[in-house]
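There are 2 protein chains.
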Amino acid sequence: MNSRKRDFPTEKARQYLEPGTIVLLSSHCRGQNNIMTLGWHTMLEFSPSLLGCVIAANNHSFSLVQDSGECVINLPTTDLTDKVVKIGNSHGAEVDKFQENDLTPLKAERVSAPLIAECHACFECRLFDDQLVDRYNFFIFEIVKSHVAARPKHPQTLHYTGEGVFMVAGNIISRRGQFKPEML
Amino acid sequence: MNSRKRDFPTEKARQYLEPGTIVLLSSHCRGQNNIMTLGWHTMLEFSPSLLGCVIAANNHSFSLVQDSGECVINLPTTDLTDKVVKIGNSHGAEVDKFQENDLTPLKAERVSAPLIAECHACFECRLFDDQLVDRYNFFIFEIVKSHVAARPKHPQTLHYTGEGVFMVAGNIISRRGQFKPEML
Numbered sequence: 001m002n003s004r005k006r007d008f009p010t011e012k013a014r015q016y017l018e019p020g021t022i023v024l025l026s027s028h029c030r031g032q033n034n035i036m037t038l039g040w041h042t043m044l045e046f047s048p049s050l051l052g053c054v055i056a057a058n059n060h061s062f063s064l065v066q067d068s069g070e071c072v073i074n075l076p077t078t079d080l081t082d083k084v085v086k087i088g089n090s091h092g093a094e095v096d097k098f099q100e101n102d103l104t105p106l107k108a109e110r111v112s113a114p115l116i117a118e119c120h121a122c123f124e125c126r127l128f129d130d131q132l133v134d135r136y137n138f139f140i141f142e143i144v145k146s147h148v149a150a151r152p153k154h155p156q157t158l159h160y161t162g163e164g165v166f167m168v169a170g171n172i173i174s175r176r177g178q179f180k181p182e183m184l
Numbered sequence: 001m002n003s004r005k006r007d008f009p010t011e012k013a014r015q016y017l018e019p020g021t022i023v024l025l026s027s028h029c030r031g032q033n034n035i036m037t038l039g040w041h042t043m044l045e046f047s048p049s050l051l052g053c054v055i056a057a058n059n060h061s062f063s064l065v066q067d068s069g070e071c072v073i074n075l076p077t078t079d080l081t082d083k084v085v086k087i088g089n090s091h092g093a094e095v096d097k098f099q100e101n102d103l104t105p106l107k108a109e110r111v112s113a114p115l116i117a118e119c120h121a122c123f124e125c126r127l128f129d130d131q132l133v134d135r136y137n138f139f140i141f142e143i144v145k146s147h148v149a150a151r152p153k154h155p156q157t158l159h160y161t162g163e164g165v166f167m168v169a170g171n172i173i174s175r176r177g178q179f180k181p182e183m184l
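Read top to bottom, the protein sequences are chains A and B. If you count the first sequence from 1, position 15 lands on 15 in UniProt numbering, and the numbers rise without skipping. If you count the second sequence from 1, position 8 lands on 8 in UniProt numbering, and the numbers rise without skipping.
One chain only, chain A, in its complex shape (with noise of 0.2 Å):
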């Protein structure tokens, strides 16, 4: 495993990934693994785990992920921007992204596709629930093991608004005084 990373309770997973932060989706199939930028998810539940994410069925790696029931959602930062937009303007089957992007496949724990090692976290997933897949690519995931970087505490994550432009994770507002756990 990635040494920079730490175990992270997946239960918590909301706090990288509730914030609709531009994720990169990794995935492997027959030998092939793929990289693709995704938007457009929800978490849905906290234990188990679930993540509901929109893959339009264009990209090649709707077939990897509906063939091997798994793939990575990995939360890359600021220093990754031209490579999350080069990924998400590419295809893969045409393109092995890794090597096109000069980024590190690392092995899973629980699934087959690749952990992307530049990424701030990964989380690994197992396909939950595929009954929204033929009407609205919506595949619910469980996310089976998390892995995130011990720093920096607040990563510079991006926030896509379409059109090319994204924003970009700024300054922390805290209300912890004020946080109740039963209204999460």
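The set of hints was computed from the structure by calculation and includes no laboratory data. Being a predicted model, the structure only gives us computed values, none of them experimental. There's no promise every hint is true.
Same chains, same label: a pair holds when it works inside one copy or across any pair of copies.
[Said to hold, decoys possible] As a list, the in silico DSBU-like pairs of lysine-lysine whose alpha-carbon atoms are at most 30 Å apart: (1) K145 - K180; (2) K180 - K83; (3) K180 - K86.
Place chain B on chain A using the hints.
Quick look at chain B alone, frame taken from chain A:
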């Protein structure tokens, strides 16, 4: 209609909703208005403009939305942080959240739920598909009308990371020159 807002192409709602920002969901049923703070949502389709939202069943809004089949998704900015927290920490069955938080309900155009005047953007929604409501509390809405303030161009939105901590949308990174519409 609130004069500070302009019509906005509904199929571009992603510009505001995709970054997973915290939203305020307003609803109306049988003479009662309510507001809830919501962070688990994802765009699902451009046209019709579909948005999936998790509304936990213990929220008062759950039944208002289920019974009326309508809501408004309102986008608050950082100046509303304390109201966002207070709304998330209180129960609509007990208090009038508009009155309690000094927020102004405005008549919507196509739904009975009120717009929140103080928010940067308001998206009128109709229930489109409820097949995942029982299992995941996941409502699929169609955005039928969108209202967005003319400025600021880049509103300071709130992105919840759990446990009372919000990230704020900060800098903008533009890769507009590399935007390929066919890749979305």
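Hints numbered earlier in the text: which of these fail when held up against the supplied structure? none
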